[in-house]
Amino acid sequence: MAYTRKDVSTLTAAEKRRFVAAMLEIKRRGEYDEFVRTHIEFFVPDGEYGLRSAHMAPSFLPWHRQFLLDLERALRRVDSSVTVPYWDWTRDRSASALPWTKDLLGGTGRRSDHQVTTGPFAYAAGKWKITENITDEPYLTRDLGRAGAPIALPTRSDLDGALADPVYDVSPWDSTCRTGFRNRLEGWGTGSGSASWRNHNRVHKWVGGVMLGGASVNDPVFWLHHAFIDLQWSRWQNRHRGARYLPAKPPGPGDDQEGRVVARQQRMPPWDVTPEQLEDVSRIYRYA
Amino acid sequence: MSVSVGGVSVGREPVRPGAVRRTRREALRGAFGAVLAVALVPVVAASRPTRSGEDPGDTAFDETYRGRRIHGVLKGSWQVTVDGRPLHLMRRADGTWLSMVDHYRSYPTALEATRAAVDELSPGRELREADGQMGQMHMGGDHGVHA
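Read top to bottom, the protein sequences are chains A and B.
1 is the number of the first residue of the first sequence in this note's numbering; add one for each residue after it.
1001 is the number of the first residue of the second sequence in this note's numbering; add one for each residue after it.
Treat the hints as calculated values from the structure; they're not laboratory data.
Just so you know, even glycine gets a beta-carbon here, dropped at the ideal spot from N, CA and C.
Among the hints, a few may not be true.
Said to hold, decoys possible - Reference excerpt, derived from the structure (chain A facing chain B, CB under 10 Å, subset only):
id, residue
1, D46
2, G47
3, A97
4, T101
5, N133
6, W188
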């Protein structure tokens, strides 16, 4: 029977406690750091050679959907009542409200070094030492809203701009696509101004600290953010009935993207699963 | 749908022959992998030709930025260090650059991407020595050495 992923603002005290406990337990077991490494490994940018499955590619959505399912499976092995909540950043926009409370993810980092010092993932609590990282901090870092040069979270209107696009993705299937639901949601723009990072990308930037880098999975909010991104895929499908994942077929010989993107029925590394198999997950989970 | 993260080892065959890259974990497993990883370290950002041209004069920088020594040289690929530690830069298809530190937006030049990475470093913190190697594994295997 399908389980439910809830809006983080609706969790009971017990649900928050059990989510946190399961996260800390998979961290203790060493399973969590595997997720961090996997995400680092699979960030292949589109200006370089190789298959892109996780970012700057059509499979951005199914890749993170499977990634979330794996994390959730690990959590549910610890506590079968746990699911990944989602953070609706179009509504919960304060740096001091959920999910940034002491009983869940803890708050922003302190001014001097952005170290998170509150909540269960604070270094001093002793259960969330960061071992896979780009910089040498052993502690979680955040700079919610970027105090030094403030930016705003994406708005409902920004998100609607992505959801309104009736086409899943377009050639050349990368970060330069100006249309298509996938890149409008993933958020790669052009130029260097603030308009160049939108929706998904902008949220990473807003959280700051470790969420800004290749090791962003170290911040538990990664999962709450990506659950909300994942929800947008379902919403988009509901809004555009019959619209499917694209490309349906692999780019052919002579196409610069040949062998570099995952088509609908192709295997999506590192898993033995295709985007098509992940288009409908209603038998596994649903969103409340 | 039946694969857990433990199943990362499952289903590694390329989607198309020659298209998939070797992952860092694969590369680090076994003697061959260890040798490969070491061999790839000097190649920090092997890049594809880009759609937009690159300023031919923009091939090196060496400066102190916010108290950090940043150094970069374009030798087929950008080799960048911050306080002597490798910073992996990646290229977008539009010719802009992003770093492992600041991963969700890009900058017009390698220098700007490097300065942006420094902006994110807290006082007293450094890049991990492994970054260059870790980043290199992004392109890994057959696709990592086109520079």
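Hint check:
Of the supplied interface hints, the one on D46 (chain A) holds, with its beta-carbon coming within about 4 Å of a beta-carbon of chain B, less than 10 Å. Look at G47 (chain A): its Cβ gets to within about 3 Å of chain B, closer than 10 Å, so that hint holds up. For A97 (chain A), the interface hint is violated, since its Cβ never comes within 10 Å of a Cβ in chain B; the closest pair sits about 23 Å apart. The closest approach between the C-beta of T101 (chain A) and any C-beta of chain B is roughly 24 Å, which is over the 10 Å cut-off, so the hint fails.
Among the interface hints, the one on N133 (chain A) holds; its C-beta lies about 6 Å from the nearest C-beta in chain B, closer than the 10 Å criterion. For W188 (chain A), the shortest C-beta to C-beta distance to chain B is roughly 8 Å, which falls under 10 Å, so the interface hint holds.
The structure fails hints 3, 4 (numbered hints given earlier, in ascending order).
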